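Let's have the full structure, built from the sequences with the hints guiding it.
One-letter residues, chain by chain:
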Amino acid sequence: MARQYLYKRHRLPIRITHWVNVLVLTLVLMSGLQIFNAHPSLYWGKSSYTGAGPILDLHASGGFPWWATIPGQRWLAMGRRWHFFFAWLFVINGVLYLAYSFLSRHVSRDLVPTRSDWRSIGRSIVDHLLLRHPQGEAAKHYNVLQKLAYLALIFVVLPLIVLTGLSMSPWLNSLFSGWVDIFGGRQSARTIHFIAASLIVLFVLIHVFEVIVTGFWNNLRSMITGNYRVSTQTNEGPTDGTQ
Amino acid sequence: MEPNSRTRRMFLRVALTSVGGALLAGCDALSRTQWFPKLLGAGEHLSSKAHHLATPRKAMAQEFTEADLSPFFRSNGTANPNDATYQALAQNNFVDWRLRVDGRVERPMEFSLAQLRAMPSRTQITRHDCVEGWSAIGKWQGVPLATVLDLVKPAADARYVVFRCADPKDDDGTKYYESIDLEDAYHPQTILAYDLNDRTLPIANGAPLRVRIERQLGYKMAKYIMRIELVDSFAHIGGGKGGYWEDGGYEWYAGI
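As they're listed, the protein sequences go chains R and D. Read in order, the letters of the first sequence are residues 1379 to 1621 in my numbering. Read in order, the letters of the second sequence are residues 415 to 670 in my numbering.
Don't read these hints as lab results, they were simulated from the structure. Because the structure is a prediction, the values reported are computed rather than measured. Ideal placement from N, C-alpha and C gives every residue a C-beta, glycine not left out. Each hint should be verified, as a subset may be incorrect.
Just a few of them, taken from the derived set where beta-carbon distance is under 10 Å, the chain D residues facing chain R [as the list claims (entries may be wrong)]:
{"id": "1", "residue": "437"}
{"id": "2", "residue": "438"}
{"id": "3", "residue": "470"}
{"id": "4", "residue": "565"}
Written out as structure tokens, the structure is:
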């Protein structure tokens, strides 16, 4: 018989920072595309004019379509305002998330893969490819690929996009002479900033896909109210079907 | 399949398109209000404060080697001022050009190009970062602005240095101008450059004189300088925001 009950999967600080992130990342991404469109080329090196050409040049098409940018027309000054304002919110939100996640042991308890996680990584890959997802009790916890994706995003991609963002500031360049060279120079940093943004978009696409195929409404509710409905097969007597 | 999955899918599609459309329209509408860009400007204020807190007053911008020089230093904005006075000066290799330094100073002065060239100079290979996103590396030689300021002696109430330029930007004759505070003005790398890459500064890059403010973006580094004016406030100059591009909505603090 199927038994269902509600499980508190996401705690309030995680839910709040998640939805703040959804809004803020959307706005920094779209205003970032506005800034990119002001000079839609990417380079590798300390400057744009090193003798080598750009590694990506979208001048011919004018860059990204204006429906994907904030504001929705060429307006660099306003795009920069949006970008830097929401970049601050993104960093503040991220710091709050990290502080809570470490203090509450969310990171060590829920995100760091366990020994058995590592052993099951091969099977988890196959499961994901076949769109076979953990059911019942197993769905209460993140699976190993999910953990690794979250960890890579939280501790690699997001810090990288903040650091490369800061490294494009000529003022902050003077902090320690030449620190921007750890990214290969300012134009390389700009390119890495762009790649990191693309990785976030890729993450979001996969994330939303997985949310949809593993039970959209149940997942959505769990990130809004915290409650996730767990359905298990039991041998116990009949239940009334509700939780 | 659940019986209501089609309704749900339709709801989702409608929700997504309307949320997306509302987001775009909303952001554009907000951008055109008075109050919202002002609120966003709080981010600029915060960045400026944080940057000044994080970096020492005399922190130096990175300097590069000859190997890093851009083969060609591109020009942006005005490439040749459409101004009769300027063109006449250029005809004569700027021999008759004078840099006037006045405003809130004890001793207003004028300098010829020869006089500026005779003063102690600084040479630096630095990266020029445009607000658009590109960078170019050039070798600049010029007089430290601090040396000139020491000669004219800023008054006690002088707070900003305003660069008045020769290039008309709009049909109404508005000319390019920019302003910096005294901290930037006295920074060792802030120079009035007359040479680029060991040659006389080309007209496309701001001849006869352009300022280098190495910790800020290119639009701060005014070209075609005719006059330097020290002021206690730039509220009554141009649109009141401290620079040609600032009057058009760009940030006065361009260290980001």
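Could you work out which earlier hints the structure fails to respect and list their numbers in ascending sequence? As far as the earlier hints go, only 4 is violated by this structure.
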